[in-house]
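When you get a sec, could you build the whole thing from the sequences and use the hints?
Keeping their order, the protein sequence lines are chains A and B.
Under my numbering, residues 1 to 119 are what the first sequence spells out, in order.
Under my numbering, residues 120 to 234 are what the second sequence spells out, in order.
Keep in mind the hints are simulated off the structure, nothing from the lab.
Backbone N, C-alpha and C fix where the C-beta goes; we use that ideal spot for every residue, glycine too.
These stretches of chain A come out as covered by chain B in the derived footprint (C-beta under 8 angstroms, 3 or more residues):
(1) 39-48
(2) 109-119
Beta-carbon label-pair distances, calculated as ranges:
(3) Arg-180(B) with Lys-20(A): 35 to 45 angstroms
(4) Lys-20(A) with Gly-160(B): 19 to 29 angstroms
(5) Phe-39(A) with Thr-124(B): 13 to 23 angstroms
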Amino acid sequence: GAVVSQHPSRVICKSGTSVKIECRSLDFQATTMFWYRQFPKQSLMLMATSNEGSKATYEQGVEKDKFLINHASLTLSTLTVTSAHPEDSSFYICSARDITSGGMAGELFFGEGSRLTVL
Amino acid sequence: KQEVTQIPAALSVPEGENLVLNCSFTDSAIYNLQWFRQDPGKGLTSLLLIQSSQREQTSGRLNASLDKSSGRSTLYIAASQPGDSATYLCAVRTLFSGGYNKLIFGAGTRLAVHP
Numbered sequence: 001g002a003v004v005s006q007h008p009s010r011v012i013c014k015s016g017t018s019v020k021i022e023c024r025s026l027d028f029q030a031t032t033m034f035w036y037r038q039f040p041k042q043s044l045m046l047m048a049t050s051n052e053g054s055k056a057t058y059e060q061g062v063e064k065d066k067f068l069i070n071h072a073s074l075t076l077s078t079l080t081v082t083s084a085h086p087e088d089s090s091f092y093i094c095s096a097r098d099i100t101s102g103g104m105a106g107e108l109f110f111g112e113g114s115r116l117t118v119l
Numbered sequence: 120k121q122e123v124t125q126i127p128a129a130l131s132v133p134e135g136e137n138l139v140l141n142c143s144f145t146d147s148a149i150y151n152l153q154w155f156r157q158d159p160g161k162g163l164t165s166l167l168l169i170q171s172s173q174r175e176q177t178s179g180r181l182n183a184s185l186d187k188s189s190g191r192s193t194l195y196i197a198a199s200q201p202g203d204s205a206t207y208l209c210a211v212r213t214l215f216s217g218g219y220n221k222l223i224f225g226a227g228t229r230l231a232v233h234p
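Printed below as a string of structure tokens:
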């Protein structure tokens with residue numbers, strides 16, 4: 001299957017700092033990528049949909065000024081957690097759809113996730 | 120509002136057993152349904168994707184069925200092995216008005232297969 005790479009896999013930062021997480025599709029192009037958040041023993045919750053060349057679409061309740069998303073190319077989306085606080089500590093996972101394979105009904109491929117710990 | 124429920128929440132079985140994991144969803148207006156595996160602290164691995172027009176998909180020891188009208192899917196794991204231990208997530212791609220769609224996940228079934 002297609003490969004989605006996330007970096008870093010783990011990051012620890014001090015409260016008030018900003019953290020950037022990268023999501024790359026390695027062997028396919030993705031006009032749309034998705035960012036999810038997962039708390040311990042809970043399921044994934046969609047945060048936002050990242051669209052190449054345009055603004056991201058945020059889910060209700062997600063602060064767009066806090067979670068900045070940039071989708072600069074067909075293979076890279078970044079999530080920046082600005083002024084991070086301990087309650088932002090979570091597992092962040094991105095996914096991408098190979099638009100050439102099934103279009104809107106295509107399979108989603110997920111990254112390995114990034115665990116953020118804010119002290 | 121689409122809600123996805125997975126039963127059981129946790130399952131512990133001896134090696135070799137055949138297993139059935141259940142997933143139900145409240146809104147039948149779906150594009151497709153996807154089963155994933157998640158190992159602790161890791162991302163998701165796609166196992167099977169069933170389009171809304173399909174009834175089942177098979178991959179190796181895994182078989183997934185879909186009954187869209189009743190809002191149910193099952194994941195069948197044959198001859199379970201310790202390496203199958205993981206959390207299994209069901210997700211449905213749900214259609215909303217205006218062509219908007221998104222993947223909605225269940226809470227998962229934590230499976231432990233012991234030797």
